[in-house]
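Turn these sequences into a full structure, and let the hints steer you where they fit.
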Amino acid sequence: MRNVILILLLMLTSSTVSAQTSGLMLSEVHAGEGWVELVNAGTVTIDTGAYFLCKFPTYAPVQGLDVVAGSRMLEPGEYVAVAFDALPSSNGEVGLYVPGTFDFSNADNMIDYMEYGSGNHTREPLAVSNGFWESGAFVTTPPAGQSMARASFSIFGPNNWEAMSPSPGAPNGIVTSVDDNNALPSDISISPVYPNPVRDAASFDVHIPRTESVHITLHDMLGREIKLLHSGAVSAERTFRVDMTGLAGGMYWVALEGESFNKVLPLVRLN
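For the sequence shown, position 104 (counting from the first letter as 1) is numbered 143 according to our numbering, and the numbering increases by one without interruption.
Hints may be right or wrong, so weigh each one.
So the derived label-pair ranges between C-beta atoms look like this [stated by the list, open to error]:
id, residue 1, residue 2, range
1, Thr278, Gly184, 25 to 31 Å
2, Ser110, Ser204, 19 to 25 Å
3, Gly184, Glu298, 25 to 31 Å
4, Val106, Tyr233, 22 to 28 Å
5, Ser252, Thr179, 37 to 43 Å
6, Pro234, Ser270, 21 to 27 Å
7, Ala89, Asp124, 16 to 22 Å
8, Phe95, Ser204, 37 to 43 Å
9, Lys266, Gly175, 39 to 45 Å
These are computed hints drawn from the structure, not numbers from a lab. Note that beta-carbon positions come from the ideal geometry of N, C-alpha and C, so glycine has one too.
Below, the structure is given as structure tokens:
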């Protein structure tokens with residue numbers, strides 16, 4: 040089993056274009072393998088099926104794209120990666136549009152955007168007018184085997200994208216195989232965080248029928264470790280508390296690393 044590796048992303052030093060802290064957003068693009076990952080950065084469940092992905096002149100509803108990892112129905116903090124074969128491997132654009140639209144030239148219908156390899160793609164002017172992008176700017180195409188991943192879900196623009204190892208269906212900055220993150224040994228169970236979204240404190244339950252060393256940490260949307268929740272032996276059933284007092288509103292993740300499993304639990308703190 041691959042170990043979960045927490046990558047501390049670099050803090051952004053350049054100015055940002057705009058900010059948004061809720062709703063469906065682009066999270067990761069793997070042009071070499073032809074998939075796009077979306078994240079629910081909001082506080083309510085989102086059915087992604089009727090949203091559109093764009094690589095001019097191709098427009099495709101998410102419900103018609105094969106799921107690579109995750110589910111099209113996203114709870115807050117969850118991810119879905121879908122196959123998008125229209126992506127060129129080295130030079131292209133990805134736009135995200137509101138559900139049910141067929142007017143793709145209207146900036147009001149675009150909710151997110153990125154481009155890579157070069158600037159000035161067809162739908163870039165819409166993104167610029169919305170404050171999502173800078174004119175002529177682009178993300179450098181990563182080396183083979185790497186994807187382009189968003190470092191923060193509160194910031195738009197090319198400086199907010201990093202080349203990293205692919206993590207479809209999992210938080211950016213936490214690298215794990217899809218199987219490692221979602222498939223637990225049959226005798227181990229871990230509940231989702233509850234309540235979620237949360238204001239002050241949340242909990243989750245861990246059931247391990249034997250004694251096992253477990254390391255549990257809380258991370259922010261940049262992958263930075265915020266606090267250590269537990270490090271030591273866990274056996275039988277145990278409830279862990281996550282104190283969110285004093286933390287800014289936004290997306291967080293609880294990372295669990297056991298001797299026989301890895302698991303990432305998303306949670307959203309309300310302002």
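(request) Kindly indicate which numbered hints from before are broken by the structure, ordering the numbers from low to high. (result) 1, 8
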